[in-house]
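For the sequence shown, counting from 1, position 134 maps to 134 in full-length UniProt numbering; every step adds exactly one.
It is worth saying that the hints were derived from the structure and are not from the lab.
Glycine is no exception: its CB is placed at the ideal position from the N, C-alpha and C atoms.
There could be a bad hint or two in this list.
Restraint-style ranges between C-beta atoms, simulated for each label pair [claimed, not checked]: (1) Q101 to E67: 39 to 45 Å; (2) E94 to M303: 39 to 45 Å; (3) E150 to E241: 54 to 60 Å; (4) G133 to S92: 46 to 52 Å; (5) S257 to E365: 54 to 60 Å; (6) E287 to S92: 30 to 36 Å; (7) K204 to S281: 22 to 28 Å.
Below, in silico cross-link-like pairs of lysine-lysine (DSBU-like), each with a Cα-Cα straight-line distance of 30 Å or less [claimed, not checked]: (8) K249 to K299; (9) K146 to K127; (10) K138 to K184; (11) K249 to K298.
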Amino acid sequence: MNQSKQVKKSSTKSQSRKTGNHGLSGKEKILIGIVAAIVVLISAVVIWDNHHPKLILKVDDEKLYLEDMMYDIYNTELSYNYMAQLYQQMGSTEDYWNMQQQNGQTTKEMARNDCLESAKKQVVLYKEAVANGYKVTKEDTKGAKKDAKEVMKNLSDEAKKVTGFTEEKLIKIIEKRKVVTRYKEDKIESYKITEDSVASTIDKDKFRQYSLDTFFVSTKTTDSDGNQKSISSAEKKKAYEEIEAVLKKAENTKDWSKVIESKDSDKDKESKSSEPSVTYSAYDFIESESKFDEDTTKKIMSMKKNEISKILETEDGYYVVKMKDNNSMKRYETELENAVQSAQNSKFEEEYNKMLEKHTIKVNENEWKKVELGTITLS
Numbered sequence: 001m002n003q004s005k006q007v008k009k010s011s012t013k014s015q016s017r018k019t020g021n022h023g024l025s026g027k028e029k030i031l032i033g034i035v036a037a038i039v040v041l042i043s044a045v046v047i048w049d050n051h052h053p054k055l056i057l058k059v060d061d062e063k064l065y066l067e068d069m070m071y072d073i074y075n076t077e078l079s080y081n082y083m084a085q086l087y088q089q090m091g092s093t094e095d096y097w098n099m100q101q102q103n104g105q106t107t108k109e110m111a112r113n114d115c116l117e118s119a120k121k122q123v124v125l126y127k128e129a130v131a132n133g134y135k136v137t138k139e140d141t142k143g144a145k146k147d148a149k150e151v152m153k154n155l156s157d158e159a160k161k162v163t164g165f166t167e168e169k170l171i172k173i174i175e176k177r178k179v180v181t182r183y184k185e186d187k188i189e190s191y192k193i194t195e196d197s198v199a200s201t202i203d204k205d206k207f208r209q210y211s212l213d214t215f216f217v218s219t220k221t222t223d224s225d226g227n228q229k230s231i232s233s234a235e236k237k238k239a240y241e242e243i244e245a246v247l248k249k250a251e252n253t254k255d256w257s258k259v260i261e262s263k264d265s266d267k268d269k270e271s272k273s274s275e276p277s278v279t280y281s282a283y284d285f286i287e288s289e290s291k292f293d294e295d296t297t298k299k300i301m302s303m304k305k306n307e308i309s310k311i312l313e314t315e316d317g318y319y320v321v322k323m324k325d326n327n328s329m330k331r332y333e334t335e336l337e338n339a340v341q342s343a344q345n346s347k348f349e350e351e352y353n354k355m356l357e358k359h360t361i362k363v364n365e366n367e368w369k370k371v372e373l374g375t376i377t378l379s
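Required output: the full structure, derived from the provided sequences and hints.
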């Protein structure tokens, strides 16, 4: 009997040990429950974050979410991507969007700042325009429809999906932009800033332009290491004879751009090379930006209109020039136009900064800094 009791107790203890090895204690169950709840909470936050509109900018009571910023993002990326393509064409292998700029920012950071400023300015100026009686006109709508079609035509299907653009949405956005443009143009016109009012700030003599026709033959060559060096004396003699022959033709030719062509069409095939080394170009310059050395520049500037120079020897090669105009006003007029625009824009920015003081502006930096320009609408 006692032995039976002992067996029973032993069996009970054995079963208890089994339960202890493979079951969960109360604390363990609570811990697992907490972890599961955290996972569910994180998943819910991620889902909410992915699908909930992200507030970027608030101007007074008007809220701009990321989707409202897409047109500014599109325009900014389009503008910066043009420069990126230019860098590629020049042989740059560096990623333009991640390139460090002089102000210490990367290109994409600069673009993001420009984009935010553009969006903010559009909202503020539209509010100011409406407050001053401006509204969308039939002409605005007509222009907006045309612009919207052009944007949609140039966007890929992926970009349309990312931006959420439709023709109807774009029309509404662009209509407001056209109202802002009219408001700004009217403001600028009211300043009465003209070329006469800024003429005193431009030195006419400094921007006196000289317009030339030029022939050039180089006396430099490039070695295997990519370094420039002078050609031999015999080669220099040949180069001089080539440009001398071109000069003789040019003296009796009104249109210098056709002199080299006429050389190629000569019947005397033996007297010409298949690739003439003498090149033609038209060249305009002002004294401070001359590509010639100082001595050559002075010689050219002293020439009369329609005068043809002798062969001019420089460090890089031989030149022949014809003075088409020794007192062109083109560059001066360009500088005047630039001065007018600069004064107008400066005045408008002053007024815009005063407008900002009337508005409460808040930027959600935490969300905006997540936006990587250069990757959104260019797909």
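Status of each hint after checking the structure:
1. A C-beta distance of roughly 29 Å is found between Q101 and E67, which places it outside the suggested range of 39 to 45 Å.
2. Between E94 and M303 the beta carbon distance is about 44 Å. The supplied range of 39 to 45 Å therefore holds.
3. Distance hint for E150 and E241: a CB-CB separation of about 55 Å, consistent with the stated range 54 to 60 Å.
4. Checked against the given bound of 46 to 52 Å, the beta carbons of G133 and S92, roughly 49 Å apart, stay inside it.
5. For S257 and E365, the hinted distance range of 54 to 60 Å is satisfied, since their beta carbons lie about 57 Å from each other.
6. The hinted range of 30 to 36 Å is satisfied by E287 and S92, whose Cβ atoms lie roughly 32 Å apart.
7. Here the CB-CB span from K204 to S281 is close to 27 Å, well matched to the stated 22 to 28 Å.
8. With a CA separation close to 22 Å, the supplied pair K249 and K299 stays within the 30 Å bound.
9. As the CA atoms of K146 and K127 are separated by approximately 24 Å, the hinted pair is consistent with the 30 Å bound.
10. Restraint check for K138 and K184: the C-alpha separation of about 19 Å stays at or below 30 Å, so the hint holds.
11. With a C-alpha separation of about 26 Å, the suggested pair K249 and K298 falls inside the 30 Å cut-off, and the hint holds.
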